[in-house]
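Take these sequences, add in the hints, and give me the full structure.
These are the residues of each chain, in order.
There are 2 protein chains.
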Amino acid sequence: MKKLLIASTSTVHGKSYLEYILPELSEFFKGVNEILFIPYARPGGISHDAYTEKASAAFEKINIRVRGIHEFTNPFGAINSAKGIFTGGGNTFLLLKQLYDTKVISSLKNVVENGTPYFGTSAGSNITGLTIQNTNDMPIIYPPSFTSFGFINFNINPHYLDPDPNSTHMGETRETRINEFHTLNSTPVLGLREGSWIHVKGTKIVLKGSLFARLFQKGKQPVELPPDTDLNFLM
Amino acid sequence: MKKLLIASTSTVHGKSYLEYILPELSEFFKGVNEILFIPYARPGGISHDAYTEKASAAFEKINIRVRGIHEFTNPFGAINSAKGIFTGGGNTFLLLKQLYDTKVISSLKNVVENGTPYFGTSAGSNITGLTIQNTNDMPIIYPPSFTSFGFINFNINPHYLDPDPNSTHMGETRETRINEFHTLNSTPVLGLREGSWIHVKGTKIVLKGSLFARLFQKGKQPVELPPDTDLNFLM
Numbered sequence: 001m002k003k004l005l006i007a008s009t010s011t012v013h014g015k016s017y018l019e020y021i022l023p024e025l026s027e028f029f030k031g032v033n034e035i036l037f038i039p040y041a042r043p044g045g046i047s048h049d050a051y052t053e054k055a056s057a058a059f060e061k062i063n064i065r066v067r068g069i070h071e072f073t074n075p076f077g078a079i080n081s082a083k084g085i086f087t088g089g090g091n092t093f094l095l096l097k098q099l100y101d102t103k104v105i106s107s108l109k110n111v112v113e114n115g116t117p118y119f120g121t122s123a124g125s126n127i128t129g130l131t132i133q134n135t136n137d138m139p140i141i142y143p144p145s146f147t148s149f150g151f152i153n154f155n156i157n158p159h160y161l162d163p164d165p166n167s168t169h170m171g172e173t174r175e176t177r178i179n180e181f182h183t184l185n186s187t188p189v190l191g192l193r194e195g196s197w198i199h200v201k202g203t204k205i206v207l208k209g210s211l212f213a214r215l216f217q218k219g220k221q222p223v224e225l226p227p228d229t230d231l232n233f234l235m
Numbered sequence: 001m002k003k004l005l006i007a008s009t010s011t012v013h014g015k016s017y018l019e020y021i022l023p024e025l026s027e028f029f030k031g032v033n034e035i036l037f038i039p040y041a042r043p044g045g046i047s048h049d050a051y052t053e054k055a056s057a058a059f060e061k062i063n064i065r066v067r068g069i070h071e072f073t074n075p076f077g078a079i080n081s082a083k084g085i086f087t088g089g090g091n092t093f094l095l096l097k098q099l100y101d102t103k104v105i106s107s108l109k110n111v112v113e114n115g116t117p118y119f120g121t122s123a124g125s126n127i128t129g130l131t132i133q134n135t136n137d138m139p140i141i142y143p144p145s146f147t148s149f150g151f152i153n154f155n156i157n158p159h160y161l162d163p164d165p166n167s168t169h170m171g172e173t174r175e176t177r178i179n180e181f182h183t184l185n186s187t188p189v190l191g192l193r194e195g196s197w198i199h200v201k202g203t204k205i206v207l208k209g210s211l212f213a214r215l216f217q218k219g220k221q222p223v224e225l226p227p228d229t230d231l232n233f234l235m
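Here the protein sequences come in this chain order: A and B.
Residues 1 to 235 (full-length UniProt numbering) make up the first sequence, in order.
Residues 1 to 235 (full-length UniProt numbering) make up the second sequence, in order.
Bear in mind the hints are in silico, worked out from the structure with no lab data behind them.
All the given hints hold, so there is nothing to weed out.
Which copy? The list can't say, so a pair holds if one copy fits it or any two copies do.
The list that follows gives simulated cross-link-like pairs (lysine-lysine, BS3-like), each with its CA atoms no further than 30 Å apart: (1) LYS208 with LYS54; (2) LYS83 with LYS97; (3) LYS3 with LYS54; (4) LYS204 with LYS220; (5) LYS54 with LYS220; (6) LYS218 with LYS54; (7) LYS61 with LYS208; (8) LYS218 with LYS97.
So, in structure tokens, the structure goes:
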């Protein structure tokens, strides 16, 4: 049975790394004392070691050990024996390219489809969708494809930002960008605000956190979905 | 002799489409009574016809006729006989993919390298750099490459936005994204604020408009460049 937590962000304003979601993680990873960390998105260019250290420091608070996938000489073995997986945020293009280059993408997909609990934040959430085409990141590296895991049957726009009515900036708003996506693609896009996450358990998929999420579907007006909305209609 | 105007944006707050830059365009396209428009970036999914109509309405004010490249059965002939070229903004990934798919990219590169005046805004400016890797756009379509014209020896980040010190949003700032780019790439990036443009004339390349631009170079602190800075040191 598939088990995922797909979070908009690792960090909410005024709190430390993962702090806001630790109670949920404690429940989600119940019975798990070690997880495998995928540090490939390297936020700000941080090293794999330093990023793994950062994740470790947060998970230590709920008594879970973290090991980076880069520490293993056999990453496929590490994936197959992992009791839980966490993919951190950073640059989505870099993350996806690394997943393809290291060839771990299909192994990860396989174990998560078969029940290994998966937690993602930001870029790590983006890749749970069908493609990374709704990332906010800069294309700092060219991946061999935009196709990602497809654990859910739609795409995620993490860190969803509402238009600022007072802005004088003429660059596109997030909503404009997602609407442009829908002139070429029909995949629904869920704009997940910082502090929201999606809980997937088998065929049950629910919006969590205290905020509404904004759903964009081709040819329809966007809709605001309240917390605890059952998202099964998208699957 | 290469002649380019590379503008951050088509529109500044409170003015109509291209209004702020019409005096400069009038000078830049002196003696030209018709230009070829590349509408492929399709902002907001607008049609090629509607986008060309919008460009026409603006250029009409300086007595220049605009014809869209999509109107020609032989786009290569249209490029070779064009007296000036304008590529409008929109989605950079879509623009670049169309330039490759229609195979006009090398013809356009050739005529501009040989002196046909080129004006670009936003996505149309992004592609004058070495790659589109510093676009702000969503990757709504997968181009065969991120490599663009390379009329200048650096990349452009159009609509450059300074970090908002009051923001509680945890998504990356523009500066963070460009710094991430420099952990993997060494191409300099010029953050061009809305209302700025670059004027290229042969080997002379100058920052224009009333604003400073922010230059990012790998391994260096970013620097603020005042209007009229000679950018030749980047070429």
